[in-house]
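Undergrad: Single-letter residue listing:
There are 2 protein chains.
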Amino acid sequence: MSSPRERILERASILFHHQGYNSTGINQIISEANVAKASFYQHFKTKDDLCVTFLNRRHESWFNALSEFTSKSENAQEKILASFDFIMHMNEKENFRGCSFLNIMSEISKEQESILRVIQSHKNDLRVFFSQLIEDELLATHIYLLFESSIIESQLFESNEIVNKSKAIVKSII
Amino acid sequence: MSSPRERILERASILFHHQGYNSTGINQIISEANVAKASFYQHFKTKDDLCVTFLNRRHESWFNALSEFTSKSENAQEKILASFDFIMHMNEKENFRGCSFLNIMSEISKEQESILRVIQSHKNDLRVFFSQLIEDELLATHIYLLFESSIIESQLFESNEIVNKSKAIVKSII
DNA sequence: ATACATACATACAAGTCTGTCTATTTTTTT
DNA sequence: AAAAAAATAGACAGACTTGTATGTATGTAT
Numbered sequence: 000m001s002s003p004r005e006r007i008l009e010r011a012s013i014l015f016h017h018q019g020y021n022s023t024g025i026n027q028i029i030s031e032a033n034v035a036k037a038s039f040y041q042h043f044k045t046k047d048d049l050c051v052t053f054l055n056r057r058h059e060s061w062f063n064a065l066s067e068f069t070s071k072s073e074n075a076q077e078k079i080l081a082s083f084d085f086i087m088h089m090n091e092k093e094n095f096r097g098c099s100f101l102n103i104m105s106e107i108s109k110e111q112e113s114i115l116r117v118i119q120s121h122k123n124d125l126r127v128f129f130s131q132l133i134e135d136e137l138l139a140t141h142i143y144l145l146f147e148s149s150i151i152e153s154q155l156f157e158s159n160e161i162v163n164k165s166k167a168i169v170k171s172i173i
Numbered sequence: 000m001s002s003p004r005e006r007i008l009e010r011a012s013i014l015f016h017h018q019g020y021n022s023t024g025i026n027q028i029i030s031e032a033n034v035a036k037a038s039f040y041q042h043f044k045t046k047d048d049l050c051v052t053f054l055n056r057r058h059e060s061w062f063n064a065l066s067e068f069t070s071k072s073e074n075a076q077e078k079i080l081a082s083f084d085f086i087m088h089m090n091e092k093e094n095f096r097g098c099s100f101l102n103i104m105s106e107i108s109k110e111q112e113s114i115l116r117v118i119q120s121h122k123n124d125l126r127v128f129f130s131q132l133i134e135d136e137l138l139a140t141h142i143y144l145l146f147e148s149s150i151i152e153s154q155l156f157e158s159n160e161i162v163n164k165s166k167a168i169v170k171s172i173i
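Protein sequence lines correspond, in order, to chains H and E. According to numbering that gives the first Met the number 0, the stretch in the first sequence is residues 0 to 173, in order. According to numbering that gives the first Met the number 0, the stretch in the second sequence is residues 0 to 173, in order.
These are calculated hints, taken from the structure and not from any lab test. The reader is advised that the hints may include incorrect statements.
For identical chains, the list gives no copy identity; a pair is met inside one copy or between any two copies.
Computed cross-link-like contacts, DSS-like style, restricted to lysine-lysine with a CA-CA straight-line distance of at most 25 Å [to be verified]:
no., residue 1, residue 2
1, Lys109, Lys46
2, Lys36, Lys164
3, Lys71, Lys170
4, Lys109, Lys71
5, Lys92, Lys109
6, Lys36, Lys170
7, Lys36, Lys92
8, Lys122, Lys164
Generate coordinates for the entire structure from the input sequences, incorporating the hints supplied.
TA: Structure representation (structure tokens):
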């Protein structure tokens, strides 16, 4: 069995993603992770601290998965289109729960700056990802915006239809 | 002084939009609206019921504001560009709180279907709004997607910069 | 063998939440 | 003016929240 800290993070990842941040309590996390409350607070100062750690880890794993998924494509154009396939792939895998980062953005207040910064930095990296594939800066932004709305809209309508439309649009502009 | 029901809705509108749905309790709403708790439950079956009513009213007022804002433009192209100005206008006015509908989507669970339906219907109407301005269906979707991500990204980075970039992109494709 | 770190269970504080209920007062309608 | 409807205050239930405190048990390193 993995360490308590690991078990907390594993459980929190699932619960935050499926139930939302505010709707998931510490008590549920520790009970499902089989960890004592005192142990929880030995590893994490506050719930927000856990959230930051969770987001940092998700940032890594998400980008790794994106890299891996798009690595099969040979040129930049193919990579961009594959990234939209990646959205569809993740939607199926995670039951259209959308983007953890954007979901949490909608849940937190302006005071929870440390969380907001992780989210901003994640999205910045995503913009960089597209910028590295496309010379034209405005076109990279264009793709980024379509990527973002593809996630949001497919979450809202629980369907990949709009992602496919978006992909068709992207194909026509690159 | 307006009726209790009206005062509840006025207060809830502000609080839901500024603090989020889950972070706003009934007690705060009624105390700030100067309404007794029993009166609240005379007008609204549950908190979710209040949420649905709030969203329906915001749907109306938001579209009225959009219509008014874009009514000055004479042709379809101008109207579309003006709708991006509308985002910026609302961002300034409401301190970059983003879209109430998308924010609440991120907060609710799959069980709260009645709320989800109002959100879906709101976004459907927005798609229709653009469809009526643009012959080409795929182009209308394209604009809609850029509109949506403009709201999200400006909320995240608390800046209208991305909306202006988005507007420039739109200008180049219509 | 002694010391240390880590994890354990669990009680507790102090507050939040939604929703129900009673009893009284005010307002509106007939 | 009398009857009906609406609104009031606020106690209450019961469950939830985050975070702290206390004391115990276990495993590892010196």
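Undergrad: Against this structure, judge whether each hint is valid.
TA: Evaluated hints:
In this assembly of identical chains, Lys109 and Lys46 lie within 25 Å of each other by CA distance both inside one copy and across copies; the values are 16 Å within and 24 Å between. With identical chains, the CA atoms of Lys36 and Lys164 are never at most 25 Å apart, being 47 Å at best within one copy and 48 Å at best between copies. Taking the closest pair of Cα atoms, Lys71 and Lys170 come within 25 Å of each other only inside a single copy of the chain (18 Å); across copies the shortest separation is 35 Å, beyond that limit. Taking the shortest alpha-carbon separations for Lys109 and Lys71, neither the intra-copy value of 40 Å nor the inter-copy value of 35 Å comes in at or below 25 Å.
In this assembly of identical chains, Lys92 and Lys109 lie within 25 Å of each other by CA distance solely across copies; the values are 16 Å between and 31 Å within a copy. In this assembly of identical chains, the alpha carbons of Lys36 and Lys170 never lie at most 25 Å apart, being 51 Å within a copy and 55 Å across copies at closest. In this assembly of identical chains, the alpha carbons of Lys36 and Lys92 never lie at most 25 Å apart, being 31 Å within a copy and 43 Å across copies at closest. In this assembly of identical chains, Lys122 and Lys164 lie within 25 Å of each other by CA distance both inside one copy and across copies; the values are 22 Å within and 16 Å between.
Comparing the model with each earlier hint shows violations of hints 2, 4, 6 and 7; every other hint is respected.
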